[in-house]
Amino acid sequence: MIGKLSGIVDSKLKDGIILQVLGIGFIVNITNKLSTKFKIAENISLFIECKFKEDSVNMFGFTSLQEKECFCQLTKVRGISGKYAMRIMNALSVDELAKAISSANITLLATIPGIGRKTASRLVSDIGDNMDLGFLNNITEHNNIVNDAVGALNSLGHSIADAQKVVQNIYNNNKSITLEELISKSLSMMSCS
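Sequential numbering from 1 applies to the sequence shown in this note's numbering.
Treat the hints with care, as some may be off.
[Stated by the list, open to error] Using 30 angstroms as the maximum straight-line C-alpha spacing, the simulated DSS-like pairs for lysine-lysine come out as follows:
#1 Lys33 - Lys51
#2 Lys37 - Lys76
#3 Lys12 - Lys39
#4 Lys83 - Lys165
[Stated by the list, open to error] For each label pair, taking beta carbons as the anchor points, the in silico distance ranges come out as:
#5 Asn173 - Ser11: 17 to 27 angstroms
#6 Ser176 - Lys53: 24 to 34 angstroms
#7 Val57 - Ser6: 15 to 25 angstroms
#8 Val57 - Gly116: 27 to 37 angstroms
#9 Ala110 - Ser188: 41 to 51 angstroms
#10 Ala104 - Met190: 23 to 33 angstroms
Note that these hints are calculated values from the structure, not bench results.
Every residue, glycine too, gets a C-beta built ideally from N, C-alpha and C.
Start from the sequences and build out the full structure, keeping to the hints where you can.
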């Protein structure tokens, strides 16, 4: 499974980019908002989520683990494919989406192209009831050390949501902690639970 790709933006497509990594061009679906930030020949890194179908494999790229986790939660909702999840994330930031879901703002969600009231209601009920929106909190204040620690724990097999809770709790109690200490303490705390 591919978790992260780092390479050069080779070209832009309608719904994504071709990311050249060691001479291989990967088609990665990204939001239009993100596509406008990248320039051809720019060196970038993206967290990757792969979605498998009978006849294809689609890669979706994100600049943060929070965006990736948001995408994964959206695609768990019946009727929300990877392409629809990207449409939602193109229309609303992760923070705006979290607020809309937690406040059950179906009217706002239904304004997203392709998302009607029925699907908006399903988003609120499925995600709002079955998921702790904690990974979406404090998005703008999120520190790189926390992202790196969560990424390390995720690569060791821990879920992003669980890792986010533990890492954020430890980091909030000691903002001067090093990355190595944060990962170590998080691992020991997660092995105890």
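Lys37 and Lys76: Cα distance at most 30 angstroms? 28 angstroms, holds
Quick check on a hinted range of 24 to 34 angstroms for Ser176 and Lys53, using CB atoms only. 46 angstroms, violated
Return holds or violated for the Cβ distance of Asn173 and Ser11 against the range 17 to 27 angstroms. For Ser11 against Asn173, whose Cβ atoms are near 45 angstroms apart, the range 17 to 27 angstroms is violated.
Would you mind confirming whether the straight-line C-alpha gap from Lys33 to Lys51 stays at or under 30 angstroms? 21 angstroms, holds
Return holds or violated for the Cβ distance of Val57 and Gly116 against the range 27 to 37 angstroms. 29 angstroms, holds
If I claimed the Cβ atoms of Ala104 and Met190 lie 23 to 33 angstroms apart, would that claim hold in this structure? 32 angstroms, holds
Hint check for Ser6 and Val57 - Cβ pair distance inside 15 to 25 angstroms: 19 angstroms, holds
When you take the CB atoms of Ala110 and Ser188, is the distance between them in 41 to 51 angstroms? Holds: the Cβ-Cβ distance is about 45 angstroms, inside 41 to 51 angstroms.
Is it true that the CA of Lys12 sits at most 30 angstroms from the CA of Lys39? Holds. Lys12 to Lys39 sits at ~9 angstroms (cutoff 30 angstroms).
For the pair we were handed, Lys83 and Lys165, check the Cα-Cα distance against 30 angstroms. Holds: Lys83 and Lys165 sit about 28 angstroms apart, inside 30 angstroms.
Against the hints set out earlier in the document, violations occur for numbers 5, 6.
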